[in-house]
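Residue strings, one per chain:
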Amino acid sequence: DVVMTQSPLSLPVTLGQAASISCRSSQSLVYSDGNTYLHWFLQRPGQSPRRLIYKVSNRDSGVPDRFSGSGSGTDFTLKISRVEAEDLGVYYCVEGTHFGQGTKLEIK
Amino acid sequence: QVHLVQSGAEVKKPGASVKVSCKTSGYTFTNYGISWVRQAPGQGLEWMAWISAYNGNTKYAQEFQGRVTLTTDISTTTAYMELRSLRSDDTALYYCARDVPASGGKNFFDFWGQGTLVTVSS
Chain A
1 DVVMTQSPLS
11 LPVTLGQAAS
21 ISCRSSQSLV
31 YSDGNTYLHW
41 FLQRPGQSPR
51 RLIYKVSNRD
61 SGVPDRFSGS
71 GSGTDFTLKI
81 SRVEAEDLGV
91 YYCVEGTHFG
101 QGTKLEIK
Chain B
1 QVHLVQSGAE
11 VKKPGASVKV
21 SCKTSGYTFT
31 NYGISWVRQA
41 PGQGLEWMAW
51 ISAYNGNTKY
61 AQEFQGRVTL
71 TTDISTTTAY
81 MELRSLRSDD
91 TALYYCARDV
101 PASGGKNFFD
111 FWGQGTLVTV
121 SS
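Protein sequence lines correspond, in order, to chains A and B.
The first sequence runs 1 to 108 under our numbering.
The second sequence runs 1 to 122 under our numbering.
No lab work stands behind these hints: they were computed from the structure.
Keep in mind that a hint or two might mislead.
No more than 20 Å apart at the CA atoms, straight line, and that leaves these computed lysine to aspartate or glutamate pairs for EDC-like [to be verified]:
hint, chain 1, residue 1, chain 2, residue 2
1, B, Lys106, A, Asp1
2, B, Lys12, B, Asp90
3, A, Lys55, B, Asp110
4, B, Lys59, B, Asp110
5, B, Lys106, A, Glu84
6, B, Lys13, B, Asp110
7, A, Lys104, B, Glu46
8, B, Lys106, B, Glu46
9, A, Lys108, A, Glu86
10, B, Lys59, B, Glu46
11, B, Lys19, B, Glu63
12, B, Lys106, A, Asp60
13, A, Lys104, A, Glu86
14, B, Lys23, B, Glu10
15, A, Lys108, A, Asp87
16, B, Lys12, B, Asp89
17, B, Lys59, A, Asp1
18, B, Lys106, A, Asp87
19, B, Lys12, B, Glu82
20, B, Lys23, B, Glu82
21, A, Lys104, A, Glu84
Across the chosen pairs, the derived CB separations fall in these ranges [stated by the list, open to error]:
hint, chain 1, residue 1, chain 2, residue 2, range
22, B, Ser85, A, Gly73, 38 to 46 Å
23, A, Ser72, B, Thr76, 38 to 46 Å
24, A, Ser72, B, Ser122, 45 to 53 Å
25, B, Gly56, A, Ser32, 23 to 31 Å
26, A, Gly16, B, Gly56, 48 to 56 Å
27, A, Ile107, B, Asn55, 42 to 50 Å
28, B, Ser88, A, Gly34, 21 to 29 Å
29, A, Gly62, B, Val5, 17 to 25 Å
30, A, Gln17, B, Arg84, 46 to 54 Å
Where is the CB? At the ideal position from N, CA and C, for every residue including glycine.
Starting from the given sequences, assemble the full structure and let the hints guide the process.
Spelled out as structure tokens, the structure:
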């Protein structure tokens, strides 16, 4: 079974600074159709998860361009160019039905 | 717009069953599936099960096999999740999410309900 490992699990940041979250899978996520179905979600405190990025690097509708996703094979990264207060919460990488443990982005 | 609206919070005794509904709107119901994901207090997200709204095919996580049943009502574009033999560690927020229409496809969870808190306590 695929295991998704995120790091760090806690990420203190200063507003306006950049942030980066890593997600590693226990096996290659390249699917038989050639696509990689690695998605990123943000769960703000007290809210439902919201998808930000799908298939590694595609931003969902309404997601600010300060969010970017990259990676391939087993190593993936979510980057926020300049963290804003509304970005705080827990970020999850997901492939299929396998969720990472979550990375809590909080104010330093 | 796509909306998924779930039923309200439930309090159940150990051994009982709970049925949570997920009313959808804003898209063609039978073109997608619905997954159910739960989140224990202070914990991460855990996928439970999926149902195709097109043909009723289902998939269940091994942990919930035999205890969960998913159904849909096409006439009301509503999905249901029933969890039986409740235990205290079933206390969690339960989310529905729009998902892949057919088995074999890759899950994408693009829209989520607001969550339903199920509390299991004697």
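Item to check | Supplied distance hint 38 to 46 Å, evaluated on CB atoms of A:Ser72 and B:Thr76 | outcome: At 42 Å between Cβs, range holds.
Checklist entry - Falls inside 46 to 54 Å, the C-beta gap from A:Gln17 to B:Arg84? => result This hint holds: roughly 48 Å between Cβ atoms.
Checklist entry - Does the alpha-carbon distance linking B:Lys106 and A:Asp87 stay inside the 20 Å limit? => result violated (27 Å)
Next on the checklist: Just to be careful, I want the Cα atoms of B:Lys106 and A:Glu84 compared with a cutoff of 20 Å; is the pair within it?
Outcome noted: violated (31 Å)
Checklist entry - Taking only the CA atoms, is the gap from A:Lys104 to A:Glu86 under or equal to 20 Å? => result At roughly 13 Å apart (the allowed maximum being 20 Å), A:Glu86 and A:Lys104 satisfy the hint.
Item to check | Agreement of B:Lys59 and A:Asp1 with the hint, judged by alpha carbon distance not exceeding 20 Å | outcome: holds (16 Å)
Checklist entry - Given the proposed pairing of B:Lys12 with B:Asp90, does the C-alpha separation stay at or below 20 Å? => result The given pair, whose Cα atoms are some 10 Å apart, holds under the 20 Å limit.
Item to check | A:Ser72 paired with B:Ser122, Cβ distance criterion 45 to 53 Å | outcome: With a Cβ separation near 50 Å, A:Ser72 and B:Ser122 satisfy 45 to 53 Å, so the hint holds.
Checklist entry - If you draw a straight line from the CA of B:Lys59 to the CA of B:Glu46, is it 20 Å or shorter? => result Judged against 20 Å, a Cα distance of about 14 Å means the pair holds.
Checklist entry - Taking only the CA atoms, is the gap from B:Lys23 to B:Glu10 under or equal to 20 Å? => result Cα-Cα ~17 Å, so holds.
Checklist entry - Taking 42 to 50 Å as the hint, is the beta-carbon distance of A:Ile107 and B:Asn55 inside that range? => result holds (47 Å)
Next on the checklist: Hinted pair, alpha-carbon criterion (20 Å max): B:Lys12, B:Glu82. Please report holds or violated.
Outcome noted: holds (13 Å)
Of the numbered hints stated above, those contradicted by the structure are hints 5, 6, 18, 28, listed in ascending order.
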